[in-house]
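Heads up: the sequence shown begins at 4 in this note's numbering, then just goes up one per residue.
These are calculated hints, taken from the structure and not from any lab test.
Mixed in with the good hints there might be a few duds.
Unchecked claim - Derived Cβ-Cβ restraints for the label pairs, each shown as a range:
id : residue 1 : residue 2 : range
1  : G58       : G158      : 56 to 64 Å
2  : G177      : R25       : 29 to 37 Å
3  : S130      : G203      : 17 to 25 Å
4  : R124      : G55       : 50 to 58 Å
5  : E85       : E167      : 20 to 28 Å
6  : R46       : E162      : 52 to 60 Å
7  : G95       : Q141      : 19 to 27 Å
8  : A88       : D123      : 21 to 29 Å
9  : R169      : A60       : 39 to 47 Å
10 : E48       : G94       : 47 to 55 Å
11 : D123      : A60       : 45 to 53 Å
12 : M200      : R124      : 22 to 30 Å
13 : G160      : R192      : 27 to 35 Å
14 : D191      : A60       : 38 to 46 Å
Quick reminder that beta carbons are idealized off the backbone N, C-alpha and C, glycines included.
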Amino acid sequence: MSPDTAPSPRPATRRELAKAERRIEILEAAASQFAQRGYNGVRLEDIGAAVGISGPAMYRHFESKSELLDTILVDVSERLYEGGAAAAAEGGTPEEILQRLIVFHIEVLVTRPDLISVQDRDLWSLSDAARHRVRSLQRRYVEVWVRVLREHAAGRGIELETIEARVRVHATFGLLNSSPRLPAFSRDRLHELLVRMAMGALDA
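Given only the sequences and the hints, what does the whole structure look like? Please build it.
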């Protein structure tokens, strides 16, 4: 059968859409509770209660609390890598791409700071398979930044070694990822300040 004559995908049923929405609610509630109390301080029943689901009913969506954590951190790692790769692929000068990467990273942090808190604290509670996947995605995300940073330096007549570029990128992530722990500050002003500081760190 040719692509032109292939049947269209079956539209999702109302029940399937409702289940998908409930799954998102559960993941968001789990991330919030893990961020506040730590993975070990939260029970599956606590997460269910936050979204109005009984403990036994939670198993219709996730087999365990471990599966919830795996899903949360793999999802955010995929989001970062895929978003970073897309930002780099848009083109422009290396400086413009760096700015775009910084803005993208900040937008992820500002909209879901709980994900950064969970990743920082509970990475080692992941299953082996999920931890391997997260680490692989993180390395690939870093290398997107490293390549653009080296091109940016080369455009300024600087030959930046790969290892130093990685150090600068990781240090910049440390700066940006601290934003959930910063004092209360205007969101717009914080965004502008972090962009300037991150660019300064990369250029230092």
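Now for the hints, and whether the structure bears them out:
1. G58 to G158: 56 to 64 Å: holds (57 Å)
2. G177 to R25: 29 to 37 Å: Given about 35 Å between the Cβ atoms, the range holds.
3. S130 to G203: 17 to 25 Å: Cβ of S130 to Cβ of G203: about 38 Å, so the range 17 to 25 Å is violated.
4. R124 to G55: 50 to 58 Å: Between R124 and G55, where Cβ atoms are some 27 Å apart, the hint is violated.
5. E85 to E167: 20 to 28 Å: holds (26 Å)
6. R46 to E162: 52 to 60 Å: Holds, at about 54 Å.
7. G95 to Q141: 19 to 27 Å: holds (25 Å)
8. A88 to D123: 21 to 29 Å: holds (23 Å)
9. R169 to A60: 39 to 47 Å: For R169 and A60 the Cβ distance comes to about 45 Å; the hint holds.
10. E48 to G94: 47 to 55 Å: At roughly 49 Å between Cβ atoms, G94 and E48 fall inside 47 to 55 Å, so the hint holds.
11. D123 to A60: 45 to 53 Å: Roughly 31 Å apart at Cβ, these two residues miss the hinted range, so it is violated.
12. M200 to R124: 22 to 30 Å: holds (24 Å)
13. G160 to R192: 27 to 35 Å: Holds - the Cβ-Cβ distance for G160 and R192, about 34 Å, lies within 27 to 35 Å.
14. D191 to A60: 38 to 46 Å: Since D191 and A60 have Cβ atoms about 41 Å apart, the given range 38 to 46 Å holds.
Of the numbered hints given earlier, the model fails hints 3, 4 and 11; all others are met.
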